[in-house]
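Visitor: Residue-level listing of the chains:
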Amino acid sequence: MNMLNMTLIIDLSYFLAAVLFIFGLKRMSSPVTARGGIVWAGVGMGLATIVTFLFPGMTNYLLMVIAIGLGGVIAWVSGKKVAMTDMPQMIALYNGMGGGAAAAIAAVELFSGKDHGLTFGILAVLGGFIGAVSFSGSLVAFAKLQGFKNTTLRFKGQQMLNLALLLSSLVVAVMIITQHSSGNLVSIFFMLSLVLGVTMTVPIGGADMPVVISLYNAFTGLAVAFEGFVQQNPAMIIAGTVVGAAGSLLTQLMAKAMNRSLAHVLFSGFGETIAEGQEVTGSMKPIDATDVGVMMAFANKVLIIPGYGMAVAQAQHKVWELTQLLIERGVDIKFAIHPVAGRMPGHMNVLLAEAGVPYDIIYDENEINSEFESADVALIIGANDVVNPVARTDPSSPIYGMPILNADYAKNVVVVKRGQGAGFSGIENALFFLDQTRMLYGDGQEVAGELIQAVKSL
Amino acid sequence: MEQIMQIDGFIALYIFMLAGFVGHEIIGKVPAILHTPLMSGSNFIHGIVLVGAMVALGRASTPLEQIIGFIGVFLGAGNAVGGYVVTERMLEMFKSSKGEK
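If you read the sequences in order, they're chains Y and W.
Just so you know, the first sequence maps onto residues 89 to 546 in this note's numbering.
Just so you know, the second sequence maps onto residues -9 to 91 in this note's numbering.
Isolated chain Y, as found in the complex:
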């Protein structure tokens, strides 16, 4: 009887956790309720974790507490410490950990040699495979974004190698399922999966990382759901499936925003070679901050386009200060955000929100694009590929067809940039060579400071 009560409490708590996850995620999808949403989900997670200690027939409690404490404290400290600009790679890291945990569940199930039956055998193996790929793939993504640049590696026959790895893990998987796991086979299986995660991710260029992280996020969700079926745990099944579906859709939305199909992201090299495209003619014309300050202070309408450069320079606070000065002078000023500006969709919004910019002066690409023609100044801070007009004009360019911000339609374009190099995609930016474009060289934060001085001294 007591046992039955216990199971009832556990089942009820898992149900409640699943409800809290779904409503929490729902609340997170609106800026007004978003903060409450994560708290709801957090309560669900806490509840589910605590009742799991009551699970009948368990041992190893000491190990469990140590592992939770260790993982929890490390993640807590690193999550609190990390700079806002480095959020994307932290998400990749924590996502990888989740995938690894799912793979570990599968490994314990398979190493135990229990007969799971056909369905659960397949699900356990599949979940383990996806989890392991997500684990090692996410770690590579983390390394890339963390700035170990030479992690991008391409060689002849890479696709063949990946295919071979995939097929051999499939064969081993079938062997495991049909003859009940022998230890060696299971080890080989996880080795293959982990290696595949690495070889799949290394050739993908840094510009595509957001899509890849989102994909692995969906992968981990699926892996969790599959292991949930194996363990007959409804909270895992529901949470995992919801994340799997939500993540898949989010991945598609991102890929669409970059005008790249998912297959293209995964199976083609991009962002490495200098694109052929058409030769860009003309010259880059420098300008100094005082002139830009005057230009903006007496403009009617200024559009600011931030990019990854703003994030790197941590310039968002200075930019907001500058914006406030200009608003006081009566300038109509708006932020134009490309969906993939930065390293992740919404990356710029997060940074601007951090600086205190109200979200009603921040606009999406499709909301703002018609306004460039009436803008006196388009101020581009550390953005590059997302304003490159060749995406509209040059069919031979690799970014052709990608929706861009039409900065080139503005009467004056000022580009704040550290040096003369090309953008993340390695493509020369035709915008920089236009007649109405001026280059303002320097670190984003310093330049913003100079602009503030320039406007103040008027």
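These are computed hints drawn from the structure, not numbers from a lab.
All C-beta atoms in this analysis are idealised placements derived from N, C-alpha and C, irrespective of residue type, glycine included.
A portion of the hints provided could be inaccurate.
Heads up, incomplete: computed chain W residues facing chain Y, CB under 7 Å, no partners named [unchecked claim]:
| hint | residue |
| --- | --- |
| 1 | 1 |
| 2 | 3 |
| 3 | 12 |
| 4 | 14 |
| 5 | 20 |
| 6 | 25 |
| 7 | 26 |
| 8 | 28 |
| 9 | 37 |
| 10 | 50 |
| 11 | 53 |
| 12 | 68 |
| 13 | 72 |
| 14 | 77 |
Following the hints, put chain W in place on chain Y, whose structure we already have.
Guide: Chain W in isolation, oriented as in the chain Y frame:
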């Protein structure tokens, strides 16, 4: 380990289908500004894997299973806690920007 309800076959398929639909619906209408926080939030939610890893470790009998289970719980806890902390930090900023207006 008797469970009250066995989730398999078509019941499993129904749950999978419905939960998938829910996930799809939730993301469908989200403004782009929330994409990163939402990815982070869903990343936190699959931290529920921690629960499964705890059960796996709790039932582990051989040293090998214990080691793998331990790693699983460690990683799962990292996913859940880290996911929560970064999501909360991001969403915190949305609150402050609203408060100022």
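Visitor: Hint by hint, say whether it matches the structure.
Guide: Hints, one by one, checked against the model:
Residue-level restraint check for residue 1 of chain W is violated (minimum Cβ-Cβ distance to chain Y is 10 Å; threshold 7 Å). Nearest Cβ of chain Y to the Cβ of residue 3 of chain W: about 10 Å, over the 7 Å cut. The hint is violated. With 7 Å as the threshold, the beta carbon of residue 12 of chain W comes within range of chain Y, its nearest partner Cβ sitting at about 5 Å, so the hint holds. For residue 14 of chain W, the interface hint holds, the least distance from its beta-carbon to any beta-carbon of chain Y being 5 Å, beneath 7 Å.
Given the 7 Å rule on beta carbons, the hint for residue 20 of chain W holds: about 4 Å separates it from the nearest Cβ of chain Y. For residue 25 of chain W, the interface hint holds, since its Cβ comes within 7 Å of a Cβ in chain Y; the closest pair sits about 4 Å apart. A least Cβ separation of about 4 Å between residue 26 of chain W and chain Y falls short of the 7 Å threshold, and the interface hint therefore holds. Hint on residue 28 of chain W holds. Least Cβ distance to chain Y is approximately 6 Å, under the 7 Å limit.
The restraint placing residue 37 of chain W at the interface with chain Y holds, with a minimum CB-CB distance near 6 Å, inside the 7 Å limit. Using the Cβ-Cβ criterion of 7 Å, the hint placing residue 50 of chain W at the interface with chain Y is satisfied: the shortest such distance is roughly 6 Å. Contact between residue 53 of chain W and chain Y, as hinted, is not supported at the beta carbon level, the nearest pair being about 11 Å apart and thus beyond 7 Å. Taking 7 Å as the C-beta cut-off, the interface hint given for residue 68 of chain W holds, the closest approach to chain Y being about 4 Å.
Given the 7 Å rule on beta carbons, the hint for residue 72 of chain W holds: about 3 Å separates it from the nearest Cβ of chain Y. Given hint, residue 77 of chain W at the interface with chain Y, holds; its Cβ is 5 Å from that chain's nearest Cβ, closer than 7 Å.
When each numbered hint is compared with the structure, violations occur for hints 1, 2, 11.
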